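Chain F is fixed; fit chain S onto it per the hints.
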Amino acid sequence: MTTVQEKSANNGVNVEHLLGARNALTEAPEGAKFTWRATNEWTVGTHSESKVEEFFGLGDNQTHKSTFTFSADHPEVFAAEDKGATPVEFVLVGLASCLTAGVAAVAQNRDIQLNSVKATIEGDMDILGILGGDPEVRNGFNNIRVNYEIDADATDQEIEALVAQSQKRSAVFDVITNPTNVAVTVNS
Amino acid sequence: MPGSVNRLPTVVIGAGHAGLAVSHLLTERGIDHVVLERGEIANTWRHERWDSLRLLTPNWQARLPGFAYEGDDPDGFMTMPEVVDFIHRYARWVDAPVETHTAVDSVRSEDGRYVVASNGSNGLTWETRSVVIASGGFNRPKTPDVAAELPPDVESVTAFDYKRPDLLRDGGVLVVGASATGIQLAEEIQRSGRPVTVAVGEHVRMPRTYRGRDIQWWLDKIGRLDERYDEVDDLVRARHVPSPQLVGTPERRTVDLNSLTSQGVGLVGRISAINEGTAYFSGSLRNVCSLADLKQIRLLDLVDEWATENGMDAEVSAPERYPDTVVEDDPSLSLDLTDGSIRTVLWATGYQPDYSWLDIPVLDRKGEIRHDGGVVTDSPGLYRIGLNFLRRRKSSFIHGAEDDAIDITEHLARYLDSLSVRTD
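The listed protein sequences derive, respectively, from chains F and S.
When you number the first sequence by this note's numbering, it's gap-free, plus one each residue, and the end is 192.
When you number the second sequence by this note's numbering, it's gap-free, plus one each residue, and the end is 1706.
The following block holds chain F by itself, in its conformation from the complex (with noise of 0.2 Å):
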């Protein structure tokens, strides 16, 4: 007797897309180059608006389904105003969002059903590196720590490898743990 074993997770991924995509561009791979774009506009205090909008990629500009605005700002304990996140917050935000979404493209690779995920993301920092108190500390980041709590319809080393593989495949993880060049210019 055959047995047609049928998908049966659902995570709400298109897995068969992103394979897809994977060979397509593997025989074209000038559309895999994409550029990531934002813009940013101080507003007041140590207050800023950023806009995301479009980006480029497939070998063309593309624009998101709308245009997605981000306020950031310090906490009252750095006198500021608090009107929006600390910069360092939304770097910790991405690099949860990323994780996550890799979580559940590759249980939908793996046919795991996930029923909840869930992240608490810490980073530690001395903060006497931003405040020039002491050249020896770093600005950035010490030690990052990401928790993960999932509900999956799989076993405890199914989900622990999910996690590790997702980290594997992460931009945000690799941006976080590798080096990258940075070029900040200014318009004259």
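Hints listed in this document are in silico derivations from the structure and should not be mistaken for laboratory results.
Just so you know, these numbers come straight off a predicted model, no measurement behind them.
Don't take every hint at face value.
What the hints assert, rightly or not - Once the Cα atoms are required to be at most 30 Å apart in a straight line, the calculated BS3-like pairs of lysine-lysine come out as: (1) F:Lys-55 / F:Lys-172; (2) S:Lys-1424 / F:Lys-172; (3) F:Lys-37 / S:Lys-1424; (4) S:Lys-1577 / S:Lys-1648; (5) F:Lys-172 / S:Lys-1577; (6) F:Lys-122 / S:Lys-1577; (7) S:Lys-1648 / F:Lys-37; (8) S:Lys-1648 / F:Lys-172.
Same frame as chain F, now just chain S:
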């Protein structure tokens, strides 16, 4: 005769184990051919590996078409001189038509034939209908771009050039890479009194023996080694998977990151940059270790399932699980290469084939040959053997050459038949 042109149905390039296996099967089929060898038989094994290297596969696994290991140490691992001797004996047994010291300068395609030129303007030229490239997958060391940024005071050595620890400078050594090569060299260099730090990227962890049997025995039994290239989910991944952390020693020791750290070796993440004399390492060390730990557990689970299903549980020792890789809380993210603590950087970052002589446009943008299980479909009559996962997971092992050579010579014979040029 120098300058003359020889006509033959087939030319095999390389007299290593794979080329000789192909030669034997061609002879059995009555296909006239020559095997061109740039140096001596088994040249790579003889000249291009480090002194302590032994095969990663046990002796009982050493076999080539019609030929097998017959010594008295089936569980042992051959040293390089023993491998060279094994391949030499095979060449004699096969009576292979090998032309040694015949370096191929170019292979080009001309009116449905291949023209193979050797040894410069005074060398021989062959005109042939088919070419089997068996020149090895490990001809040149591969180093990452960051290698170019190394400060001049630090000596840069590749695994290709490395022979033994006492030829290195005294002082600290950064070994880049933690696959079979990296862990083996890290262990012996640390033992020589030179403090070693290993930069660890993605790796494959495996115990040398499991439940009393060699891991290769289990891999063979569970069918892992025979997995075919047209059956795996992700062939690109399968062809680039790092070589497992294995070493062949008389004691059948397991060497892994835990054994290295207990020896005093330091671990850092994958090298990601060298900037103004400082090397920077990825913060992903913990994850690459847990990926490898989890994969090892999945492999051992498969082995245990197989043992139970096949009634082996009473014959072998009890299942075992090994401690997770120990990673310190805050592994170093950078290392000053100018303060004298690191005198040598050893690149154990892989090898790549040399196709500089191949004048046929069959390489992809990464410089790898495009082929379908060894059949170079863009250039009929051209074949490749002896690459990672060419047709099966075992393709890169000596014993893996047998099945691949059978398939490829069968395809080649059919191709020649279609041209009706068995004897040209």
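Checklist entry - Within a Cα-Cα threshold of 30 Å, do Lys-122 (chain F) and Lys-1577 (chain S) meet the stated pairing? => result Given that 30 Å is the threshold and the Cα spacing comes to 24 Å, the pair holds.
Checklist entry - Does Lys-172 (chain F) lie within 30 Å of Lys-1648 (chain S) when you go C-alpha to C-alpha? => result Between Lys-1648 (chain S) and Lys-172 (chain F) the Cα gap is close to 22 Å, so the pair holds against 30 Å.
Item to check | 30 Å Cα cutoff - pair Lys-1577 (chain S), Lys-1648 (chain S) | outcome: holds, 28 Å
Next on the checklist: So if I understand the rule, the pair passes when the alpha-carbon distance is 30 Å or less; does Lys-1648 (chain S) with Lys-37 (chain F) pass?
Outcome noted: holds, 16 Å
Checklist entry - Given the hint that Lys-37 (chain F) pairs with Lys-1424 (chain S), does the C-alpha gap stay at or below 30 Å? => result With a Cα-Cα distance of about 25 Å, the restraint between Lys-37 (chain F) and Lys-1424 (chain S) holds, given a limit of 30 Å.
Item to check | Holds or violated: Lys-55 (chain F) to Lys-172 (chain F), with C-alpha atoms at most 30 Å apart | outcome: holds, 29 Å
Checklist entry - Does the alpha-carbon distance linking Lys-1424 (chain S) and Lys-172 (chain F) stay inside the 30 Å limit? => result Answer holds: Lys-1424 (chain S) to Lys-172 (chain F) is near 22 Å, not above 30 Å.
Next on the checklist: Please verify whether Lys-172 (chain F) and Lys-1577 (chain S) have alpha carbons no more than 30 Å apart.
Outcome noted: holds, 13 Å
Violated hints: none; the structure is consistent with every hint.
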